[in-house]
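J.: What follows is the residue order along each chain.
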Amino acid sequence: MSEPIVALVDVQKVYRTDRMETVALQSVTLRIASGEFVAIMGPSGCGKSTLLNVLGLIDQPSDGEVVFAGRSMRGLGDAELAPIRNRELGFVFQSFHLIPDLRVVDNVELPLLYRRCSAHERRERAREALGIVGLDSRVDHFPTELSGGQQQRVAVARAMVGKPRLLLADEPTGNLDSHMSDEIMTLLEGLNSQQGTTIVMVTHDQAKADRTQRIIRLFDGQLIH
Amino acid sequence: MLGNYLKIAIAVLLRRKFLTFVNLFGATLTLTVLVVAYAVFDSTVRPGGAQHRQDNILLVNRLRLTNTQFDRNWGAFIGPAFYERYIATLETPDRISYMTLPNSATSYLDGRKLTSMLRRTDAEYWEILDFDVIEGRVLSADDVELGRMVAVINVATADSRFPDEPAIGRKLVVGRESFEVVGVVANEPETSRLAFADIWVPITTAPRRADAWLGEGQVMLYLEDPGRMQLAKDEYQTAVAAFEPVSEPAVFDAATSRAWTALELYAAQMVAPYLEEDIFASTDLIGEFIAAAIVVALLFMALPAVNMANLSIGRILERAPEIGLRKAAGASTSVLIGQFIFENVVLCAFGGLLAFALAPIVLGILNDTVYTYGRLSMSIPVFAAGFAFVVIFGVISGAYPAWKMARLQPAACLRGLNHA
Chain S
1 MSEPIVALVD VQKVYRTDRM ETVALQSVTL RIASGEFVAI MGPSGCGKST LLNVLGLIDQ
61 PSDGEVVFAG RSMRGLGDAE LAPIRNRELG FVFQSFHLIP DLRVVDNVEL PLLYRRCSAH
121 ERRERAREAL GIVGLDSRVD HFPTELSGGQ QQRVAVARAM VGKPRLLLAD EPTGNLDSHM
181 SDEIMTLLEG LNSQQGTTIV MVTHDQAKAD RTQRIIRLFD GQLIH
Chain E
1 MLGNYLKIAI AVLLRRKFLT FVNLFGATLT LTVLVVAYAV FDSTVRPGGA QHRQDNILLV
61 NRLRLTNTQF DRNWGAFIGP AFYERYIATL ETPDRISYMT LPNSATSYLD GRKLTSMLRR
121 TDAEYWEILD FDVIEGRVLS ADDVELGRMV AVINVATADS RFPDEPAIGR KLVVGRESFE
181 VVGVVANEPE TSRLAFADIW VPITTAPRRA DAWLGEGQVM LYLEDPGRMQ LAKDEYQTAV
241 AAFEPVSEPA VFDAATSRAW TALELYAAQM VAPYLEEDIF ASTDLIGEFI AAAIVVALLF
301 MALPAVNMAN LSIGRILERA PEIGLRKAAG ASTSVLIGQF IFENVVLCAF GGLLAFALAP
361 IVLGILNDTV YTYGRLSMSI PVFAAGFAFV VIFGVISGAY PAWKMARLQP AACLRGLNHA
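Just so you know, the sequences run in chain order S and E.
Mind the numbering: the first sequence is residues 1 to 225 in my numbering, read in order.
Mind the numbering: the second sequence is residues 1 to 420 in my numbering, read in order.
Honestly, the hints are just simulated from the structure, not real lab data.
All figures in this text were calculated on a predicted structure; none of them were measured in a lab.
Please note: incorrect hints may appear among the correct ones.
Estimated spans, in silico, between C-beta atoms of each pair [what the hints assert, rightly or not]:
1. S:Q12 - E:I10: 24 to 30 Å
2. E:G314 - S:Q213: 43 to 49 Å
3. S:Q12 - E:R407: 32 to 38 Å
The following residues of chain E were derived to be distant from chain S, with all beta-carbon distances above 12 Å [as the list claims (entries may be wrong)]:
4. N4
5. I10
6. T66
7. E180
8. E244
9. E322
10. R326
11. S334
C-beta: ideal position from N, C-alpha, C; glycine also.
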């Protein structure tokens, strides 16, 4: 296995309120190798999304260590994590999370807004990404004018426009019919095989998981080996 | 990036129209009041018109005589004796003018009672101030020296007294005095403290005691080079410090007086009473005045700002997914704070535009009802101040909601949506 792009070492995640504690992740240790396409499976509420968020540096573990590209993320603040998220990570969500008030091309440009990039270059790269997902004719549409599958393709274009090394997809086909799901899976497979993007995908669907290279199973916040 | 922020800002405003209306209403009202207040201030310290050389003028308008033995003071305006002895002899100013404040003078015309503001001046007054002469001439050195009973009147007085005939050469009866009109000048507004009057007559026509130390006069010191202001101030202080004891109207052995710029005088009049400062001796209270003005302006902005902040915080849940998404895409907290403040400034900018449309109407009403010959207007400095108010109000009302929104955890924002 090649060098891990991200690794978790004995990670715990506990959500605390005044009344109770909920353990979402417990002693999770795993490595995601560069170039892998990994599926995370498990029943609802087992901690899949939490695991994905911790891997994507948008949630902090309560204990343990996240190592990204060989560098420990322990103790890093928002100002240090933000550029890592911007340059190295892309996210695709089940409910797309497109900004409805922005045109498709503006949505795709979003990650490029937070790095040194001219408006012209942003626009070119966004159009290029939309071309890859087959939506180059929809750049000036608003998200609400697109089907669910097209919206998710826009979300994939947004995730890949910054050329991240790691793409995290949280049930990317969960809201789509089988035909559109298949389109999205094909897109992700293409990203992985042609561009070498490492992909970690949460899914409930065994058939989708079977199309990945490795399946990580989670139950009650723990990995099942 | 700003284009993206602007699109979002406008979209957010259009999402909840009533909420936007409430916010906009508060912002517009607040900014209109601030713009109008600044316009009044600006027209007082930078009146333009006949006083367009304001920056070259120092004003001496207060004098306090003191009996140091009995700690007894008498403060008033400048008397002729003090002027002749301690001011007319100053060497730094290029021109020195002695004139009275405008006093109310009553006369009757066709059974109608007319009240005019009458100012008595010397000839230098007309050299320092640059009146727009409509007809005839202004007062000459001979008029003043010989005490001629001649008068210059403004257009409003000419129109009211001599509506159907030329004013030049006509007799003008004011109180018990009768003057021949020799000139008509443009109206100068009440906010132009030095130029404002309806009727101007030679100062030598006034029944006065030449030996009076205190009186109703004020003095303009004019310097061709404004860079010599401090030199003139220092020379005047030296002259005042050399005050020699007098026995009329009582025994006084010390004098206190200052030469002010327009802004210094305005600042002193506004804040000295509250600071228990001696207004006769105060030199520079501009800093205190600016600080007080900022505090008052901020307090005035505080209530609508809190209201706007409250409404904005109520929309956090609505925007949580976008916040989570932007953070996941690499926006730092500080970048998001900047974005949300920018959005609020955009809202306030719309309020500012409405305020810029409303303010001239309010200023017009003030010109017609409050200020005689009012000339309050939306000058470039007023627009600039208005722009500053927009930014400050936008930042104040947007800072806390922006900080609160930007500090949300991205995962929490996203989890709040899909509950995965």
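J.: Each hint: holds or not?
T.: Results of checking the hints against the structure:
Checking the proposed 24 to 30 Å range against S:Q12 and E:I10 shows it is violated: the Cβ atoms sit about 44 Å from each other. The given range of 43 to 49 Å is respected by E:G314 and S:Q213, whose C-beta atoms sit roughly 47 Å from each other. Roughly 24 Å separates the CB atoms of S:Q12 and E:R407, a value that falls outside the hinted 32 to 38 Å. Chain S draws E:N4 into its interface by the beta-carbon criterion, the shortest separation being 6 Å against a cut-off of 12 Å.
The beta carbon of E:I10 is not kept farther than 12 Å from every beta carbon of chain S, the shortest such distance being approximately 8 Å. Against chain S, the non-interface label of E:T66 holds: every CB pair exceeds 12 Å, the least being about 63 Å. At roughly 73 Å from the closest C-beta of chain S, the C-beta of E:E180 stays outside 12 Å, upholding its exclusion from the interface. With 12 Å as the threshold on Cβ separation, the claim that E:E244 sits away from chain S holds: the shortest Cβ distance comes to roughly 71 Å.
Its beta-carbon lying about 6 Å from the closest one in chain S, E:E322 breaks the requirement of being farther than 12 Å from that chain. A beta-carbon of chain S comes within 12 Å of the beta-carbon of E:R326; the shortest separation is about 7 Å. A beta-carbon of chain S is positioned within 12 Å of the beta-carbon of E:S334; the least distance is around 7 Å.
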